[in-house]
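Produce the entire structure from the sequences given, and follow the hints as far as they go.
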Amino acid sequence: MYVATKGGEAAIENSHVLIAEERRGDPAVPELEAAQIREQLGGAVDRVMTEGSLYDPDLAALAIKQAQGDLVEAIFLLRAFRTTLPRFGASVPIDTAAMTIRRRISAAFKDLPGGQVLGPTYDYTHRLLDFTLVARGETPPVAPEEDATDAAMPRVADILGHEGLIEPETPPPGPEHPYDLTREPMQFPAGRDQRLQNLFRGDEGFLLALGYSTQRGYGRNHPFAGEIRMGTVQVEFTPEELGFPIALGEIEVTECQMVNQFKGAKGIAPQFTRGYGLAFGQAERKTMGMALVDRALRADELAEDRLHPPQDEEFVLSHSDNVEASGFVSHLKLPHYVDFQSELGMLRGMRASAEAMQKEAAE
Amino acid sequence: MSDAPLLQAEGVSHTYAGGQVGCVDVGFTLYPGEVLGIVGESGSGKSTLLSCLSGALPPSEGRVRFAGQGQGMQDVFQLSEPERRLLMRTDWGIVHQNPRDGLHMSVSAGGNIGERLMAVGARHYGDIRSEALDWLGRVEIDAERVDDLPRTFSGGMQQRTQIARILVSQPRLVFMDEPTGGLDVSVQARLLDLLRGLVRDLGVAAVVVTHDLAVVRLLSDRLMVMRQGRVVESGLTDQVLDDPQHPYSQLLVSSVLQA
Amino acid sequence: MSALQPAGSGAQFHSIDGVYNFAYLDEQTKRMIRRALLKALAIPGYQVPFGGREMPVAYGWGTGGMQVTASILGVDDVLKVIDQGSDDTTNAVSIRRFFNRTAGVPVTEATTEATVIQTRHRIPEKTLREDQVIVYQVPMPEPLRKLEPRETETRKMHAFAEYGLMQVKLYEDISRHGEITTTYDYPVEVNARYMMAPSPIPKFDNPKMHAMPALQLFGAGREKRIYAIPPYTKVRSLDFNDYPFEPQQFDDPCALCDAKGVFLDEVILDDKGNHMFVCSDSDHCRDRRAEGHMGPRAREAAEKGYGADQ
Chain E
1 MYVATKGGEA AIENSHVLIA EERRGDPAVP ELEAAQIREQ LGGAVDRVMT
51 EGSLYDPDLA ALAIKQAQGD LVEAIFLLRA FRTTLPRFGA SVPIDTAAMT
101 IRRRISAAFK DLPGGQVLGP TYDYTHRLLD FTLVARGETP PVAPEEDATD
151 AAMPRVADIL GHEGLIEPET PPPGPEHPYD LTREPMQFPA GRDQRLQNLF
201 RGDEGFLLAL GYSTQRGYGR NHPFAGEIRM GTVQVEFTPE ELGFPIALGE
251 IEVTECQMVN QFKGAKGIAP QFTRGYGLAF GQAERKTMGM ALVDRALRAD
301 ELAEDRLHPP QDEEFVLSHS DNVEASGFVS HLKLPHYVDF QSELGMLRGM
351 RASAEAMQKE AAE
Chain Z
1001 MSDAPLLQAE GVSHTYAGGQ VGCVDVGFTL YPGEVLGIVG ESGSGKSTLL
1051 SCLSGALPPS EGRVRFAGQG QGMQDVFQLS EPERRLLMRT DWGIVHQNPR
1101 DGLHMSVSAG GNIGERLMAV GARHYGDIRS EALDWLGRVE IDAERVDDLP
1151 RTFSGGMQQR TQIARILVSQ PRLVFMDEPT GGLDVSVQAR LLDLLRGLVR
1201 DLGVAAVVVT HDLAVVRLLS DRLMVMRQGR VVESGLTDQV LDDPQHPYSQ
1251 LLVSSVLQA
Chain R
2001 MSALQPAGSG AQFHSIDGVY NFAYLDEQTK RMIRRALLKA LAIPGYQVPF
2051 GGREMPVAYG WGTGGMQVTA SILGVDDVLK VIDQGSDDTT NAVSIRRFFN
2101 RTAGVPVTEA TTEATVIQTR HRIPEKTLRE DQVIVYQVPM PEPLRKLEPR
2151 ETETRKMHAF AEYGLMQVKL YEDISRHGEI TTTYDYPVEV NARYMMAPSP
2201 IPKFDNPKMH AMPALQLFGA GREKRIYAIP PYTKVRSLDF NDYPFEPQQF
2251 DDPCALCDAK GVFLDEVILD DKGNHMFVCS DSDHCRDRRA EGHMGPRARE
2301 AAEKGYGADQ
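Chains as they are written, first to last, in this note's numbering: chain E, 1 to 363; chain Z, 1001 to 1259; chain R, 2001 to 2310.
It is possible that part of the hints are untrue.
Taking beta-carbon pairs under 8 angstroms as the criterion, some of the chain E residues facing chain R (in silico) [stated by the list, open to error]:
1. 83
2. 314
3. 342
The list that follows gives simulated cross-link-like pairs (lysine to aspartate or glutamate, EDC-like), each with its CA atoms no further than 16 angstroms apart [stated by the list, open to error]:
4. R/2146 / E/301
5. R/2169 / Z/1083
6. R/2234 / R/2287
7. E/263 / E/301
8. R/2156 / Z/1083
9. R/2156 / Z/1081
10. R/2126 / R/2287
11. R/2169 / Z/1147
Source of the hints: derived by calculation from the structure; they are not laboratory data.
Note that beta-carbon positions come from the ideal geometry of N, C-alpha and C, so glycine has one too.
What follows is the structure in structure tokens.
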């Protein structure tokens, strides 16, 4: 005898217990601490902070632990937490020209004021699995003292700008407060502030693929890595009561300035154009992909034909958010049997009509 | 037919952002039921002119005015966007050179033709369908094709479907951009005959832009010859073609005869 | 409606976790959403963009509905949450638990007892009352999206009431299949002006939306749109005069409670093609069985001497 099953509540409780078990893994193996993740899995922490839109290495590490290393899930956790935080206002824009640099390279020039500072990078490692890392307690080699970097590290974009070779970055007209996607819905056409915020929070893989495609012909814009710099910057805030900025602390960021295809117009001498990328922590792949896509999305502004997906603003900005994407894709796991029933009904009806017609035709 | 003009162009000029000249100082008056041909080689400015006249491209200088229903002459580019969009869907039509630009390729012929009716509120399936069938007949397409997709049609059939789709809303003015471009010579002739018949029967005014003198000979009452953005000669079609005055017109006409 | 609480009076609620505001969202956010709701009610069927927040539930799983519910919920409300018509489907359970944890409002499975009903994909069979609010979870708020992917274009189509493209789609259905083949999320015209996506309710439920005494609110969290239908508003399902809109029909009554004229779920019984149809609205079915109604299966079981099911 059919009995409508109840017990959805119990099923959910059990699934939570099971997942806690999965997360812990073999109890004989020591439990991972969030502090270990924070210190030793910086690549993951940086990505979760950037796409989670919240600079807090401890919380990001906790989210990664809770999500069992699934970074999209961790980003989701961080974002949901962010929603509950009170907001005081917006900081003064960070000044990357005043960055305390740990790494700074330019592909556009052999040498430049301040020099090429290689810093910590995997770029020139050989990708051979290092089995000594399996053992715990290995002694790392003594790191060379990082030389205090030359105070004068002007940004390559500024150097080019002095000669008028690159389009200037001018803030657009209108209110000073940048658009905030976490407070207002997306709008098309999107201003640059909205676009950059969207790309900052956007999935690294998605932007990487789109940026890659521009290099392969889907919207070529002849990019050069003008400069990539990574280091710490001050965050300052001007409270209304004081009227002057106070320093809140420091954050580590990576910035990429791409120098792209030059453009001229009637009466205006040609200049290089720009693409911009920024991320929390050390995240070069993300910032470079972002810069390539930023430039591609300026197609309308620069009177270029919009022929390819990376140039399609609605396409890129609507699908860059991996929390949205993951939610909607996975929502297909939810019951849809009422709608499916409707489709079944229609299909059966149509087939019955077709059969009846065939029978008639045969007679 | 009233004596009041239908379309008026005054000093229409357009120069592109990079400095290229599109068209310069073009003016004319078009009356209801008249067909005006605009001929020139590629680069003559005729396409730019067509874009300005049909409301697609605001001219750098000059005005385009149209006699709205019971409203007197209105500047086309001063209309609000909803007014302009409504105009494009009802009282005006544009026959594109490539039918793919003027048809929904994944909508049936019947759906394409019925669209303008549905866009202004037609809600009876049977009526919409019979009107679509009627029009298929008028453009000499077999009624059996009413549910077929245009992508299964020949180029000539696609073009005729495009024409039916526009004429169904009984527009007073139709713009045609190389209406026979890309079609076989024999198919062209048939299409031109059809167009001529329809235009006469319906009293539609038209502006036909083409490089092909045979097209204007058959279709248009009057003719303008364009070269390097300017109108170098205009007049009655037969007069201009039989007795061209301007050296460039003479060249055009004679080169056709030689071919 | 018991929703509107003056700010600061009783708005701080000590939920089970002790950390979050009443119903999770902060009061400013709720105010912002309520403003959007008021605008939506002033323009029935029009999609109002709103600054949707990241919720602790995945996009696509009810965040829009939850934000609307959170913004209107008051301590006196009684909440019912259903998915596919049933209170016991896992997602309905999950959402109910969420509001239980963060708001502590009484919850119910009885439609007649609820003041706020959050639903996914169904409208309850019992006619709703003037003192009730139904909140729909919406995945894709834009009815024209499948025909026109660009937001910049669909926005104009709504602004200029250019809905020909949808009518063409219906024409194509009839020319190809002899009937309109949309069976759920069937587009409607609200208050003789805006075209609206009712959310993936089966077309069977569309007629209930017309002149409904209750307030109908729609939330799309991922797309960040809110829309609404005020009570007793005209809602018309799109069709042709000679091919009028027809809701689905079921041949048999509910196998358990014998209800006719309700939406039925198909339950597959074995691998030999045996199936039966039972009420999708679990509350309605339970009420009827409590009143003594018996469908064919229930009668069969009683005759064979099986115990009465609950």
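Hint check results:
no.: 1; hint: 83; result: 5 angstroms, holds
no.: 2; hint: 314; result: 6 angstroms, holds
no.: 3; hint: 342; result: 4 angstroms, holds
no.: 4; hint: R/2146 / E/301; result: 28 angstroms, violated
no.: 5; hint: R/2169 / Z/1083; result: 25 angstroms, violated
no.: 6; hint: R/2234 / R/2287; result: 30 angstroms, violated
no.: 7; hint: E/263 / E/301; result: 11 angstroms, holds
no.: 8; hint: R/2156 / Z/1083; result: 13 angstroms, holds
no.: 9; hint: R/2156 / Z/1081; result: 10 angstroms, holds
no.: 10; hint: R/2126 / R/2287; result: 11 angstroms, holds
no.: 11; hint: R/2169 / Z/1147; result: 13 angstroms, holds
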